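**Q** Residue numbers (the numbering used here), protein chains in the order written: chain A, 1 to 492; chain B, 1 to 228.
Just so you know, these hints were derived from the structure itself, not from any lab. In this text the structure is predicted, and so the values were computed from the model without any measurement. One should not assume that every hint holds.
In silico DSSO-like cross-links for lysine-lysine, where the CA-CA straight-line distance does not exceed 27 angstroms [claimed, not checked]:
1) Lys172(B) - Lys121(B)
2) Lys114(B) - Lys257(A)
3) Lys257(A) - Lys65(B)
4) Lys172(B) - Lys264(A)
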Amino acid sequence: MKMHSITRRLISVVLLLELFSALVLIGVVALYESHIHLQAFDVMLRGRADTLFGAVQDADDAADSVIFDITGVTFPKEDIFDVDEGGYSLGRSSQWPEQQVVKGLAKVKPSGIFSTSVDGRSYRFIVTHGVRVVDPKEKGGGVAHSIRVIYGASTQEVWRQVMKTVRFYAIATVLLLAVTGAAMAWFLRRGLAPLKELAEEAGRISAQQWSFHPPESARQTQELAPLNSALEGALGRLQEAFSRQRRFTSNAAHELKTDIAVAKSSLQLLSMRSRTPEEYQQGLEVCLADCLRLEETVQRMLALARAETTNANSHPQQGLQPTSDLVACATASIKQLAALAELSRVRVVLDGPGETTVPLDANDCIILCSNLLHNALIHSLPDSVVNVTVASSDGWTFLSVQDHGDGITQEALPHVFEPFYRGDLSRDRRSGSTGLGLAICKALCEGAGGNITLTSQQGSGTLVTVRLPIALTLSKSQPESTLSLASAARGH
Amino acid sequence: MRVLVVEDEVRLAENLAQALRESNGFAVDHAQDGIDGEQLSRQGCYDVIILDLMLPGMSGLSLLKRLRASRNATPVLVLTAREGPESTIELLNEGADDYLSKPFDLGELIARVKALIRRGKGTAAPVLHVSDIELNTLEQSVHRNGRVLDLSPTEYRILEYMMHRPRAIVSKQELLEHLYDFNWQHHSNVIEAHVSNLRRKLDASGAIAFIETLRHRGYRLSKQESLR
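Next comes chain B alone, as it looks inside the complex:
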């Protein structure tokens, strides 16, 4: 999952990014002002945006308005240092999905970010089921037929991303965009290698091939009779 942090306080943004990377292996990008933040958010490759309100260039609120005006539905978590129900109501009415007031609890922020990602993908429960595969986003563990699969962090992130959209075709580009931030020197064959490893580990514990490859288009979770 890829998160955009729009926050002018560099130290805070660094801490947020590190916490998100360490806890869930999220890819995190950082924008220091509203204008950069808007440009990045328009790329549409983010699964959640963490937005500070007091920003140079463009305020967080106008960024949010523009984002929603351009029909971008990325979940937005607003960080605010302002108290009071009026500002909260205005924020939520302008399209924010959640808010936290500073100073916040880092654990709570991560939990809210994960909840927003789940909701953004249309799933409410933290445990995902596709066919006989069970993926627990809290423990970051994967079971197939009751057996634990030992996946690397990247393999887990690929599987989690795909299990959030079980019927969709996911291109390599999309996986790259959502799993890596700008700090990563990426090549599409990195994805190929990870997907092939992931498929091997999954297939070893089940009868049916779980991930199918569509030439030039990407990957999809298998649509066989045995799949629910």
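The following block holds chain A by itself, in its conformation from the complex:
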């Protein structure tokens, strides 16, 4: 693909505009010049015609006729003239192009001026009429003779003058264009130097070296400000995402290594010395439990990865998103965790409308509900109540899970949605938590276009609120089992 240069384009546009203006200017100047020169030319023609008229005298003959006598009057020899009276020519120049003059007379202007070409040369003529009165002192006022004078001269000189002016302006224009082009090229190169420096600075960025400080010159250039801030913003977000990813990988490795260390040490412990069949039996069960724990960790990591990918790809095709009934999913997860609730001596109370559709796959919706409920159950005090509430307003569905446990510490609150973060480790470890539950919930909610918030009061409990858009029922998928509301609200 051919690259185009802004500098070249800019210079061409400016030069073209300049050329256009110059041409217009030259045109106007040419018109004006020719107008002025022709006016002067006309005055000159009129003067010469009047001189001719003055040369018409009355002769002393019986008929008192009028004669034309130019003795003593000189005209340029190329000029053409004719003096006549009522169609009878009193005198004319040696050269008289009758045909052309007759043709020209047909288009004579009111001012008496007309143009025509004679022998291939442009001529301008003036026609003047005058009255010669012979013997005015006589009775009756004498005899009036109507005289017509036609005088023409070559306009070659006029056009030469105009062309001279035009030539001057044309040369000036060419010089101006050359100077402008060179100056613009120089200024643009200078002006674009900050861009080059910015590019060099940006070129130094790598995965190890994220810091980006736009050079002084670029920061002081107004046009580069959006680029600067865009670069800085994008890099900041990239770095954030990159370090989050790195933290996740490192945490995931730590988690997996720990789980593997457990399984490996269990096996090695078993083989350290010979044992009774019962001991082997027990040891194998322990090893199996360790493996299941490892499997659980891997599965949760995959679930999180999947939820986060959905997050990135779901938006373009909202219409195709699967939907599910939030109330049914909450009911199903309550049923799933009934045993744990009973073990913790916690009662779960569900309160919600008949059916609320959210843009989540039924399985994801159950994962969301059961993760939240599981957290609430293991953090609840014995004989307390966990309230699960579903409500809708303003096009949003709200799911809230309120427990009455000992809450989360202020220091832990900002981190609860981070993968692998465990607020109270000793207890969460015992309950088999991987520290991924809330991270998965967050990814699921955000993937569905909603959000999740958590508030906690130490000593009185934690409230998690999920906000999801109400989905249009297109392709609703139902969870495997749907309990009636009544049986779920009974509590466990």
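Here the structure of chain A is known, so what remains is to put chain B in place on it, guided by the hints.
**A** Structure of chain B alone, referenced to chain A:
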């Protein structure tokens, strides 16, 4: 010997404790977080501390720093799931004596723990000699004048502990602290009974009494002319 395991993964800690108890009869205590771990380590009754780095409450590294800042010289073996020379260098510079990365080999861990205990007591070789008594910490066997002594596990542990500090007076309390963990309901007369049995078995195979009793102070390996 008494070992403190500071590890938040309960299953791993249980396995470690069981392996240490079964292989060498070590007394093992377990702390689940950094704060408990620090409190226990300050008691000074441990011969080695096995320390995980990622701990709730207080990180393993800051626990280690605090421990060394309080002039506690207990050998520390760090368990880490982090790779990379930087973290290893930092660990060793902060006062760790050894480290193992997860997942580790249980046998290697036990061998390293034993080596750390030896170094902590100022002895490099796994076989201890005091006078005509030879104690092999690897085989957990005791010879006097070439004859094998048949000791119970507790008697062996008392003798091993005392042979690590041949000139020192070892109180009953100290023996209790280093030989038993918190799971043990202990009485100081248990020590008396074991020491008396041990002395009887030792003396049966040698001319000179090996363990002497100092009233109200404790026990000491005999400081007679024949002792080197």
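**Q** Going through the numbered hints above, which ones does this structure break? Give me the numbers in ascending order.
**A** 4
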